[in-house]
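Asks: Listed here are the chains, written in short residue letters.
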Amino acid sequence: MRHFFTILGHEVRMLLVSPSTYIAAVAFLAFMGFIFAGILSEYSTTPQESSPAVAFFELFWVPVIFMVPLLTMKSISEERRLGTLETLLTTPVSTGEVVLGKYGAAYLLYLSLWAGTGGLFFILHRFTQDSFLLDLGPLLGGYLFIAVSGLLFVAVGIFASSLSRNQAVAGILGVVLLFGLIIGTQLLSGVATINLEVFAPVKAGLEYTRVFQHLEDFSRGIVDTRQLLFYVSATCLTLVCSVLGLEVKLIHS
Amino acid sequence: MSDSTPAIAVSHLVKNYAGVTAVSNISFSVAKGEILGFLGPNGAGKSTTMRILTGFLPATSGSVEICGHSVATDTAAVKRIIGYMPENNPLPEDMRVSEYLYYRGRLKEMGRRQLGPRIDELLELCDLKRVRHRIIGKLSKGFRQRIGIAEAILAEPPVIIMDEPTIGLDPHQILIVRDLIARLRGRMTVIISSHILPEIEMTCDRVLIINQGRVVASGEPAALKRELLGRARYAVEIMAESADLAGVISAIEPSLEITSETTPDAEGFRTFELSAEHDSDFSEALMGALATDDRFRLRALSRDNPTLEDVFLAATKRSWDVVDRAANDRKNDPLKSKISK
Chain A
1 MRHFFTILGH EVRMLLVSPS TYIAAVAFLA FMGFIFAGIL SEYSTTPQES
51 SPAVAFFELF WVPVIFMVPL LTMKSISEER RLGTLETLLT TPVSTGEVVL
101 GKYGAAYLLY LSLWAGTGGL FFILHRFTQD SFLLDLGPLL GGYLFIAVSG
151 LLFVAVGIFA SSLSRNQAVA GILGVVLLFG LIIGTQLLSG VATINLEVFA
201 PVKAGLEYTR VFQHLEDFSR GIVDTRQLLF YVSATCLTLV CSVLGLEVKL
251 IHS
Chain B
1 MSDSTPAIAV SHLVKNYAGV TAVSNISFSV AKGEILGFLG PNGAGKSTTM
51 RILTGFLPAT SGSVEICGHS VATDTAAVKR IIGYMPENNP LPEDMRVSEY
101 LYYRGRLKEM GRRQLGPRID ELLELCDLKR VRHRIIGKLS KGFRQRIGIA
151 EAILAEPPVI IMDEPTIGLD PHQILIVRDL IARLRGRMTV IISSHILPEI
201 EMTCDRVLII NQGRVVASGE PAALKRELLG RARYAVEIMA ESADLAGVIS
251 AIEPSLEITS ETTPDAEGFR TFELSAEHDS DFSEALMGAL ATDDRFRLRA
301 LSRDNPTLED VFLAATKRSW DVVDRAANDR KNDPLKSKIS K
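Residue numbers (the working numbering), protein chains in the order written: chain A, 1 to 253; chain B, 1 to 341.
Think of the hints as simulated: they come from the structure by calculation, not from any bench.
The beta carbon of each residue, even a glycine, is placed where N, CA and C say it ideally should be.
Take the hints with a grain of salt, since some may be wrong.
To be verified - One-sided excerpt, in silico: chain A residues whose CB lies under 7 angstroms from chain B:
id: 1; residue: 6
id: 2; residue: 10
id: 3; residue: 82
id: 4; residue: 84
id: 5; residue: 86
id: 6; residue: 89
id: 7; residue: 90
id: 8; residue: 91
id: 9; residue: 92
id: 10; residue: 93
id: 11; residue: 96
To be verified - Simulated crosslink set (DSSO-like; lysine-lysine; CA at most 30 angstroms straight-line):
id: 12; chain 1: B; residue 1: 225; chain 2: B; residue 2: 32
id: 13; chain 1: B; residue 1: 317; chain 2: B; residue 2: 225
id: 14; chain 1: B; residue 1: 141; chain 2: A; residue 2: 74
id: 15; chain 1: A; residue 1: 249; chain 2: A; residue 2: 74
id: 16; chain 1: B; residue 1: 129; chain 2: A; residue 2: 249
id: 17; chain 1: B; residue 1: 141; chain 2: B; residue 2: 129
id: 18; chain 1: A; residue 1: 74; chain 2: B; residue 2: 138
Unchecked claim - Pulled from the structure, derived: some chain A residues nowhere near chain B, Cβ distances all over 12 angstroms:
id: 19; residue: 58
id: 20; residue: 85
id: 21; residue: 185
id: 22; residue: 188
id: 23; residue: 231
Using the sequences and the hints, build the whole thing.
Replies: Set out below in structure tokens:
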């Protein structure tokens, strides 16, 4: 595991010195700012039942589906395309350490981008002093949800990156996989046929994996260990698949 | 591990890529401290063999041992004792030179304290001091190539494998690299592949020529020349009739014969090429006989020194012939006995 920290440190360092990180961060925050401003103007015209944090985190999927693949698509594809994967894997480093190191760096970046959105709530609190607008429960629940679900989303992005040497392909694959995971489960559970007796087990499974349901629970302050287990186990599985995806390409190269 | 263990022992190595045989039954061994040159035309299987030696690619069959560790079963140990520079020398574009070496040193499990002085030493050795804070992506090919070499010898591994280290270097830089490799002689085992044959001839103790995934010749450069080219060749510039000349030279040595002749130039001189079946030197006898004979006017006589290039061409041509004849029974291959030497 000692190489994990070497690779993680290296990746984080490369992210910090790369201008594209800052451009991505600014674009992300600008986008989230627009969403936030939109929500607030909605609140100023009509009275709402829930706090703005709930409405804000309900739109989490928009940045996730487009940002996560952009953050992760480069990680393994680039190494493979440049050929530096060869020099990396001829040192005493295992493929698992490479995948984990890259995953760790991407996840830290993901977290720090979301942490930036905390500034929006800070500004809101500073200028309104309204306790309804800044309900701490849904806010913390929302961030906890982002941190826990991000484990899986970033892992899916890394998995997509391990499958192709082409960054664009990895990116599109990542978008499709995340769309299927977040929106796909939601759409599927809305289909009428799923309510048939025959599909009862499918429906139960779908309820269990429905990301929006998780968000709702977290926002209400319910931290269900089943959901935590779902994200942690799915993350492990995806990372194992990424390692296999990396190795299978070496064997058949 | 006793000292008699070869640094690299490859036996019956085979690698198939989706039905194409890249490496077909290669066997060789390299002693500790030896520098081996790896030659072969493009697509002969050099890079594939090197990648298998490093444990990056798995072999289809056969075994490879590096300092007694099997590459297939003990990959982690093998990766600790090799330094590898791949073909085309891939480097990250957006790192600084000293940063990159530091990162690679950490990956190779070197201590933080020893790494600093070692990097300074290597930057000095590879003439990289001026560019240590520059970004790798903006450096010229020569610098990048030397960064790759510095990286390969960074952790002072007992075995170093370099795939075309001198490609794209200017003569001055080639000289630096040659000195660098010569400095490793005796301490480290080195395998280099190259297309620049004089390079190999000057630096390597032994040469291995492969073609079509097979070893076609192996041995010291001088011995290979004797064996593959076997013949002494002479070039004579002389004013003479070929029949007269043939008579005189066969009197000196029966196997000596004219292999080619040119048309007379303005002054009537022609260049004849002579060859004898064995290697002893007849220059003096030829000179004496031709100069004293009244029928001839001798202008120049020289003995051809075959280069490794000739050996390379002869060896690969011979193997193409073998392949063409499709009667290639490996068990009866006379080269086989030499391979295991």
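Asks: Could you run down the list of hints and mark each one as holding or not?
Replies: Structure-based check of all given hints:
no. : hint               : result
1   : 6                  : 5 angstroms, holds
2   : 10                 : 5 angstroms, holds
3   : 82                 : 5 angstroms, holds
4   : 84                 : 5 angstroms, holds
5   : 86                 : 5 angstroms, holds
6   : 89                 : 6 angstroms, holds
7   : 90                 : 5 angstroms, holds
8   : 91                 : 4 angstroms, holds
9   : 92                 : 5 angstroms, holds
10  : 93                 : 6 angstroms, holds
11  : 96                 : 12 angstroms, violated
12  : 225(B) with 32(B)  : 24 angstroms, holds
13  : 317(B) with 225(B) : 15 angstroms, holds
14  : 141(B) with 74(A)  : 25 angstroms, holds
15  : 249(A) with 74(A)  : 17 angstroms, holds
16  : 129(B) with 249(A) : 38 angstroms, violated
17  : 141(B) with 129(B) : 16 angstroms, holds
18  : 74(A) with 138(B)  : 21 angstroms, holds
19  : 58                 : 38 angstroms, holds
20  : 85                 : 8 angstroms, violated
21  : 185                : 38 angstroms, holds
22  : 188                : 39 angstroms, holds
23  : 231                : 31 angstroms, holds
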